[in-house]
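> Residue numbers (the working numbering), protein chains in the order written: chain A, 1 to 135; chain B, 1 to 135.
No lab work stands behind these hints: they were computed from the structure.
Be a bit skeptical, because a hint or two may be false.
Remember, identical chains collapse to one label, so a pair may be satisfied in a single copy or spanning two.
Stated by the list, open to error - Listed next, the in silico DMTMM-like pairs over lysine to aspartate or glutamate satisfying Cα-Cα at most 25 Å (straight line):
1. 47 / 86
2. 114 / 16
3. 17 / 104
4. 47 / 94
5. 109 / 86
6. 47 / 4
7. 47 / 6
Protein chains: 2
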Amino acid sequence: MILDIDHIGILVESIEKAIPMYVNLFGYILQKTVTMESVGLTVAFLKQGQTNIELVAYTGNTDQTAFSRYVMGEQAGYNHICYAVDDLTKTLSDLESVGINAIEGFPMKGGHGKIAFLDPNDTEGALIELCEPLD
Amino acid sequence: MILDIDHIGILVESIEKAIPMYVNLFGYILQKTVTMESVGLTVAFLKQGQTNIELVAYTGNTDQTAFSRYVMGEQAGYNHICYAVDDLTKTLSDLESVGINAIEGFPMKGGHGKIAFLDPNDTEGALIELCEPLD
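With these hints in hand, go ahead and build the complete structure from the sequences.
Shown next, in the form of structure tokens:
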């Protein structure tokens, strides 16, 4: 079951330029910045009221970024919305039964627990992430 | 001053296909669907908890859609985030002083009051709308 929106993922070229813009001009609070070397990403976690955004930047053109680039693409801007789910396996099975499939390679363990990205060809063009928080 | 996120705008090819997906699979409640002929858009307003999304589709390739297509582009997916502001003129002036400019043609009257879209070249690639609700 879909529980709620977890975060909005925004792909940026320069996380160093993007953080002060969102903090100083748009009222977000920076919570932490994490570099995840295994997937070639630096992610800044920011919050404004009930809304969590994640500014995501590739750490370079290494082998580690290849899968992330395949999933999230190259276009800076709003990239995905992540919904928290109580049971990822069941949710993916329910979605598959109506023709909405996970991208090949998912589910996998991600920064938020067990995650899967859905194929945007199946969701009217919007990249959707699902996450089942780890205990 | 930026007050809060008003909505997330999602560009879709088929609003008829997108609405049941968001309602039946992702837990949104459809509030209304409005066709705005002067700007060549059909917009479906949906809500889930604190989050408002707007599914936006062009009504065709008419002259009326030209300005909307120039602002929002052609790529289906997450298109913009709209922030409510208390004073659009002052906010635009403050942003301009740090090098963030409105797209030419704004501010103008929109569905939410007085609105302006900011140039994504000035905002690390993310299309941002500002709206000052009408009294």
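> Classify it for me, residue 47 with residue 94: is the Cα-Cα distance of at most 25 Å met within a copy, between copies, both or neither?
between (31 Å within a copy, 22 Å between copies)
> Could you figure out if residue 17 and residue 104 sit no more than 25 Å apart (CA to CA) within one copy, between two copies, both or neither?
Answer is between; shortest inter-copy Cα gap is 24 Å, intra-copy 33 Å.
> I want to check one pair: residue 109 and residue 86. Are their C-alpha atoms no more than 25 Å apart within a copy, between two copies, both, or neither?
So residue 109 and residue 86 pass the 25 Å test inside one copy only (15 Å; across, 42 Å).
> Go through the copies and call it for residue 47 and residue 86: within, between, both or neither, with a Cα cutoff of 25 Å.
both (22 Å within a copy, 20 Å between copies)
> From the Cα coordinates, with 25 Å as the cut-off, is the pair residue 47 and residue 4 best called within, between, both, or neither?
Intra 15 Å, inter 11 Å, cutoff 25 Å: intra and inter.
> Treating 25 Å as the Cα threshold, decide for residue 47 and residue 6: within, between, both or neither.
This pair counts as both: shortest intra-copy Cα distance 11 Å, inter-copy 15 Å.
> Can you give me the call for residue 114 and residue 16, within, between, both or neither, at a CA distance of at most 25 Å?
Classified as neither; 28 Å inside a copy, 32 Å across copies.
Against the hints set out earlier in the document, a violation occurs for number 2 only.
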